[in-house]
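Student: Given next are the chains, with one letter for each unit.
There are 2 protein chains.
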Amino acid sequence: MNDSLRFIAPALGAFGLFCAFLIYRRIRALPSGTGEIEDIAEQIHNGAMVFMKREFKLLAMFGSVVIVVLWFKDPYESLAFTLGALSSAVAGFIGMYTATKANSRTTVAAYEKGPQEALRTAFFGGTIMGLTVASMGLLGVGGLFVFFGNTAGDIHIIHGFAMGASLVAIFFRVGGGIFTKAADVGADLVGKVESGIPEDDPRNPGVIADNVGDNVGDVAGMGSDLFESYCNAQIATMAIAATMTASSWQAIAISPASLMFLPLGLASVGLLCSLSGMLVVRLFAHKEPARALRMGTLSASILFIAAAYLVMLFLGVSNSVWLCVLCGSAGGVIIGLATEYYTGGRPMREIAKSSQTGVATVMISGLAAGLQSVVIPLLTIAGILLLTSELAGLYGVGIAAVGMLATIGITMSIDAYGPVADNAGGIAEMAGLGKKTRDITDSLDEVGNTTAAIGKGFAIGAAALAGLAIIAAYVNVVRSHHDDFMLQLSDPAVLTGVFIGGLLPFLVSSITMNAVGLAAGEMIEEIRRQFREIPGLLDGNAKPDSARCVDIATEAALKRMFLPAAIAVLSPVVVGFGFGPSTLGGMLVGALLGCVLLALMMANSGGAWDNAKKFIEKGNYGGKNSDAHHACVVGDTVGDPLKDTSGPSMNILINVMAIVSLVIAPLL
Amino acid sequence: MNDSLRFIAPALGAFGLFCAFLIYRRIRALPSGTGEIEDIAEQIHNGAMVFMKREFKLLAMFGSVVIVVLWFKDPYESLAFTLGALSSAVAGFIGMYTATKANSRTTVAAYEKGPQEALRTAFFGGTIMGLTVASMGLLGVGGLFVFFGNTAGDIHIIHGFAMGASLVAIFFRVGGGIFTKAADVGADLVGKVESGIPEDDPRNPGVIADNVGDNVGDVAGMGSDLFESYCNAQIATMAIAATMTASSWQAIAISPASLMFLPLGLASVGLLCSLSGMLVVRLFAHKEPARALRMGTLSASILFIAAAYLVMLFLGVSNSVWLCVLCGSAGGVIIGLATEYYTGGRPMREIAKSSQTGVATVMISGLAAGLQSVVIPLLTIAGILLLTSELAGLYGVGIAAVGMLATIGITMSIDAYGPVADNAGGIAEMAGLGKKTRDITDSLDEVGNTTAAIGKGFAIGAAALAGLAIIAAYVNVVRSHHDDFMLQLSDPAVLTGVFIGGLLPFLVSSITMNAVGLAAGEMIEEIRRQFREIPGLLDGNAKPDSARCVDIATEAALKRMFLPAAIAVLSPVVVGFGFGPSTLGGMLVGALLGCVLLALMMANSGGAWDNAKKFIEKGNYGGKNSDAHHACVVGDTVGDPLKDTSGPSMNILINVMAIVSLVIAPLL
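Chain order of the listed sequences is V and W.
Be aware that the first sequence starts at 2, since it is given in this note's numbering, and climbs by one per residue.
Be aware that the second sequence starts at 2, since it is given in this note's numbering, and climbs by one per residue.
Hints are not guaranteed to be accurate.
Take a look, some chain V residues computed to stay more than 10 angstroms from chain W by CB distance [unchecked claim]:
hint, residue
1, 246
2, 575
3, 623
Calculated lysine to aspartate or glutamate pairs in the EDC-like style (CA-CA distance at most 20 angstroms, straight line) [to be verified]:
hint, chain 1, residue 1, chain 2, residue 2
4, V, 544, V, 200
5, W, 354, V, 526
6, V, 619, V, 443
7, W, 193, W, 628
8, W, 193, V, 628
9, V, 437, V, 202
10, V, 437, V, 118
11, V, 193, W, 628
12, V, 354, W, 523
13, W, 625, W, 447
14, W, 615, W, 351
15, W, 615, W, 628
16, V, 114, V, 37
17, W, 114, W, 440
18, W, 436, W, 618
19, V, 354, W, 195
20, W, 544, W, 43
21, V, 544, V, 39
22, W, 193, W, 534
23, W, 354, V, 523
24, V, 354, W, 526
Computed list of chain V residues with no C-beta within reach of chain W, every gap over 12 angstroms [as the list claims (entries may be wrong)]:
hint, residue
25, 51
26, 252
27, 270
28, 273
29, 295
30, 300
31, 327
32, 350
33, 443
Please keep in mind that the hints were generated in silico from the structure rather than gathered at the bench.
Ideal Cβ positions, reconstructed from N, Cα and C, are used throughout, including at glycine.
Next comes chain V alone, as it looks inside the complex:
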């Protein structure tokens, strides 16, 4: 392998950031509206920035401790950790900054120019996040690889980067998840239910916080989630390559260096394919939105699979490794489709039907749908695991994860598009731009909801595979220090770990679920207070104190994100040093299983309840305000923290635990 190849990844990363900057300039140049629109957009933007700043402060404190501790293990690894944390934080910041700029511009585009231009604005607002995530990953991982990718002994330094990314992710995901649902539930319960004013009404003091929440949770939270899966998958695969025996690597490549570089190579061409996909969306923007987005993702994926073949040919890697990429991509599609089926197909309609017999049956059928929805994704993951390990050992599993995530540039763009479109609708409503504009933003938003559901399934699948790869790397690293290391399931120490690992996702879910309830309670009190104490607010003669609501949601979220993050970081340390590497290995597997199962169940139950409500709102079973509708509204409210707070936290919980274990592995 030519040594100058190493520079490709960081160079492409820089190029990707440049593209993101160009897009940002174009978005920035679009009319952002005046008067009311500008004012509302400004409030959302400022709210998001307030949250970000305070979150960064907390992160800095928590992170400093880790930096110091890591310094004693290896100063370089500590620096890599800092870099990883900064990269993730910067990517989140840029994504959110631009998303809160794109929202009002989408509103204006819908109002002044119509659906095509609105779609383009919303989508390209999202692409900045997509490109930033992919590019920061390439820049960071690729940059470290230039320095530390030469020798297998140095590769562990890059693990620090993964750990930094994971730590930021758990803060963003959990904090953002609590913020967004506390604001959502609070604003809805007092506004819609108690005071009888419509959704997104400007008189409601919680509405701005609700819109901030979309950005905080769905843009920054989802972005940091995918960023860490993306980086971790690459880093874990490198780690596996670094600890492979000669006979293993000889079976699939001409040199171990090729195998080390391959994840970066795939991610690099993945970025180019994502850019092409974005072009396709732009070209198809005059078609219906759903189709344009689907064409974009699809063409990026197909292009990537073809390009991956060439990359392997060029690097002298066996075809069987390319088949692993194929498995990863196909698996991602299957899990996405399964998610779509459970949240939008027959199970969702069964829930809607069961609403005729009341809330209890809505709850039972929703839980049953969620429980059942784990079957196909788990079988898919098991199938990928079996096939890829047959094709290329545990390295193949890592490559499947890398393949699934390589086109993150476009998948993340589409995920970020959702909240931009949602915000645009909110701004249109608050500014009173009329039904025509609202219809356009609604249609964009609807597409966003479907893509969000699929994106969630995809994120879970990717996190599971990345987690698997890190666990495999962990086992290899421990074994490289203890020749006789075995992770036998019949060993009581391992089984003990499996049980401990299994309970952690349940514990963290219950903590985050209760956190939303408590935070929402604080929001409710504040909104009630404002309605009571600000004269003329309900008549529209006074402005609500929206900033105070943002403040309360921020405070509540930050206070309650600490415990889950601490559990994720500390449990591997305690178990690893307290009980040894076997128990820790068992714990990772138990936690992986528990996290994937709960993540799927919660995401799909929640998604199905949400869509069942929307299905009824379209006029089925009595339509809006019928008894059936009321029953489904309860389902939707219950599903909110499940699908947007507790469920998504699971992805990161397992990855944080796995990466911390990988980092401490040499010390055990």
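Given chain V, work out where chain W should sit, using these hints.
Tutor: Only chain W this time, still in chain V's reference frame:
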């Protein structure tokens, strides 16, 4: 070890059955009431028998296939299977037969003699089931041990017995669970909600079916569940002993024969301790019911721990094995207390409090409580596993399970007492015996609810340990055929199994949950039809066709219990022969983890909702018919299938899968 010792277990089994017969004669001689009481009791009794007969038919069909297939493996094992299935079925039949005789006699005792006599009648009605379960186990396992316990090579024949017991258990548990909740939900929804008549009103055609369901689900279902855990724990421990290496057994006993016999020895003295405990309850029956029952269980446990010490001294087994018994007993108590806390302590009161903000918050806080409730039990199981395996290897884990279950005679009695007391209350209401009688039966029932919740936690813990022991035996058996057999977690084949195993509990839960919904729907239609078509029914001038409702619930339950049973039996066969013993081993561990987690979560969420409703009915947060109460009623309805159908099925699912794997292990 003296060879004549072997005869002790079956002899004690026969003695226990004789005691049960004596108690039955005394119960039978009590006044059973006349007129209305007799008539209602007769209807419940006949309904239960109708269900039993039809369930036996289905079982016979399914069982015959297994008998034939097993015959080809080993005719003796096939016979043992038949014996195990028959023992479990007979125990269930006797228990239910007598429970449906004791219920009306409890009502009469409450009416004519007061609370003391009522408690005695209900409790001793339950002891027949308790004694029968323990005695049939000793008779069956002990009898087979006389013939096949001599040589390690023959011990596998006894596995057939365990498989028979497990197969019956899954039919009884799932079928009974669907029946009881379909009847309960159906009767409540049409009676209480639609027609506004009180619970247990004789005009409601579903009330008899509801009372039948208590016996079918809580007596026969719970009995077969504990019977199989009881037998499986002993059999698995024998299997571990049979495959121990010389150095392993030498560390803890003077001969391997002692270790083989020890489980039976412990179960034998356990029966005697249970009998003593029953005497204690009888002596304390003039105190408050809860205290009498607690004194009985406690004294039986303490006596057993002391007796176990003597047994080991006598058999020449090390003290460290006795400590394993101590771990098992202590673990059972801890899990029981944790269950009591989550279903009756602060988390339950938090749910009640959250009912002030509506159904959605009741649902969220209930789910959060259930999720969190897994933590202590899982840590306890992990702790038992770690300690006992340190003390005596995997044999220690098996002995902990045996120790936890040895006093099943009294724990099962108390479990069976609950539905008898519940039925007695139903009969009192239907026969219109007035408030005084109802108050007595209500107080007995309340105690029954607490014991039922603790019993559920205990059953889960016991099933988990028994499952662990069987899995350990499975690994040993496979290893005795393939020297190089390893169950390495880093082996993709094993990990694939873990994923497949993890999804099965979720799949089976969703199937059983939906089954309750569908079956309840059929009940609702029939009850509505009767109210509509039978003239004068609602005015009390005509009798409902209760038998028809029993019939419908029976039909619905039998139809839908087949699929879960088939999944439990066939999945190990398919995975074992299709993917090999490593994947099957991984699957068992994944399924064990998933089953224990879901079982705990569902039992405790359901129990907490149930008790939160009762807490409000006592006058808190507005009391009966307040908005808070309505919200909690929904929680209770959602919790019903979770805690009484899907949750309990988990215990058996894992044990069936494990025992089938153990039986097919030599063929893999």
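Student: Indicate, hint by hint, whether the structure satisfies it.
Tutor: Results of checking the hints against the structure:
Under the 10 angstroms C-beta cut-off, the non-interface status given to residue 246 of chain V relative to chain W holds; the minimum distance is some 14 angstroms. Even its closest Cβ contact with chain W, about 13 angstroms, leaves residue 575 of chain V beyond 10 angstroms, as expected for a residue assigned away from the interface. No beta-carbon of chain W is positioned within 10 angstroms of the beta-carbon of residue 623 of chain V; the least distance is around 18 angstroms. For a cut-off of 20 angstroms, the pair hint linking residue 544 of chain V to residue 200 of chain V stands: about 17 angstroms separates their Cα positions.
Only pairs whose Cα atoms come within 20 angstroms are accepted, and residue 354 of chain W paired with residue 526 of chain V is accepted, the gap being roughly 16 angstroms. Restraint check for residue 619 of chain V and residue 443 of chain V: satisfied, since their Cα atoms lie roughly 13 angstroms apart, inside the 20 angstroms limit. At roughly 16 angstroms between alpha-carbon atoms, residue 193 of chain W and residue 628 of chain W fall within 20 angstroms of each other, so this suggested pair holds. Proposed proximity of residue 193 of chain W and residue 628 of chain V is supported: the alpha carbons are some 19 angstroms apart, at most 20 angstroms.
Note on residue 437 of chain V and residue 202 of chain V: the hinted pairing holds, with a Cα-Cα distance of about 17 angstroms set against a maximum of 20 angstroms. About 15 angstroms separates the Cα atoms of residue 437 of chain V and residue 118 of chain V, which keeps this hinted pair within 20 angstroms; it holds. A threshold of 20 angstroms between alpha carbons decides the hint, and for residue 193 of chain V with residue 628 of chain W the separation of about 19 angstroms falls inside it, so the pair holds. Among the hinted pairs, residue 354 of chain V with residue 523 of chain W is consistent with the structure: their alpha-carbon atoms are about 16 angstroms apart, no more than 20 angstroms.
Restraint check: the Cα-Cα separation between residue 625 of chain W and residue 447 of chain W comes to about 17 angstroms, which is no more than 20 angstroms; the hinted pair holds. Of the pairs offered as hints, the one joining residue 615 of chain W and residue 351 of chain W holds, with about 13 angstroms between alpha carbons and a cut-off of 20 angstroms not exceeded. For the proposed pair residue 615 of chain W and residue 628 of chain W, the alpha carbon gap of about 14 angstroms is at most 20 angstroms, so the pair holds. For the given pair, residue 114 of chain V sits about 19 angstroms from residue 37 of chain V by alpha-carbon distance, which is consistent with the 20 angstroms threshold.
For the hint pairing residue 114 of chain W with residue 440 of chain W, the CA-to-CA distance comes to about 13 angstroms; that is within 20 angstroms, so the pair holds. In summary, the hint linking residue 436 of chain W to residue 618 of chain W is supported, as the alpha carbons are separated by about 17 angstroms, within the 20 angstroms threshold. Annotation: proposed proximity of residue 354 of chain V to residue 195 of chain W holds, straight-line Cα distance about 19 angstroms (limit 20 angstroms). For the hint pairing residue 544 of chain W with residue 43 of chain W, the CA-to-CA distance comes to about 15 angstroms; that is within 20 angstroms, so the pair holds.
Between residue 544 of chain V and residue 39 of chain V, the direct Cα distance comes to roughly 16 angstroms. Compliance with the 20 angstroms bound is thereby established for this hinted pair. With a C-alpha separation of about 19 angstroms, the suggested pair residue 193 of chain W and residue 534 of chain W falls inside the 20 angstroms cut-off, and the hint holds. A threshold of 20 angstroms between alpha carbons decides the hint, and for residue 354 of chain W with residue 523 of chain V the separation of about 16 angstroms falls inside it, so the pair holds. Proposed proximity of residue 354 of chain V and residue 526 of chain W is supported: the alpha carbons are some 16 angstroms apart, at most 20 angstroms.
Every beta carbon of chain W lies more than 12 angstroms from that of residue 51 of chain V, the smallest distance being close to 27 angstroms; the non-interface claim holds. With a minimum CB-CB distance of about 15 angstroms to chain W, residue 252 of chain V clears the 12 angstroms threshold, and the non-interface call stands. The beta carbon of residue 270 of chain V sits about 27 angstroms from the closest Cβ of chain W, which is more than 12 angstroms, so the claim that it is off the interface holds. The claim that residue 273 of chain V lies off the interface holds: its Cβ sits roughly 31 angstroms from the closest Cβ of chain W, which is beyond the 12 angstroms cut-off.
No beta-carbon of chain W comes within 12 angstroms of the beta-carbon of residue 295 of chain V; the shortest separation is about 28 angstroms. The non-interface label for residue 300 of chain V is consistent with chain W: the shortest C-beta to C-beta separation is roughly 31 angstroms, beyond 12 angstroms. For residue 327 of chain V, the non-interface assignment is confirmed: its Cβ lies about 17 angstroms from the closest Cβ of chain W, beyond the 12 angstroms cut-off. Once the 12 angstroms rule is applied to beta carbons, residue 350 of chain V is consistent with being away from chain W; the minimum gap is 14 angstroms.
In this structure residue 443 of chain V is separated from chain W by more than 12 angstroms, as the shortest Cβ-Cβ distance comes to about 25 angstroms.
The earlier numbered hints are all upheld by this structure, with none contradicted.
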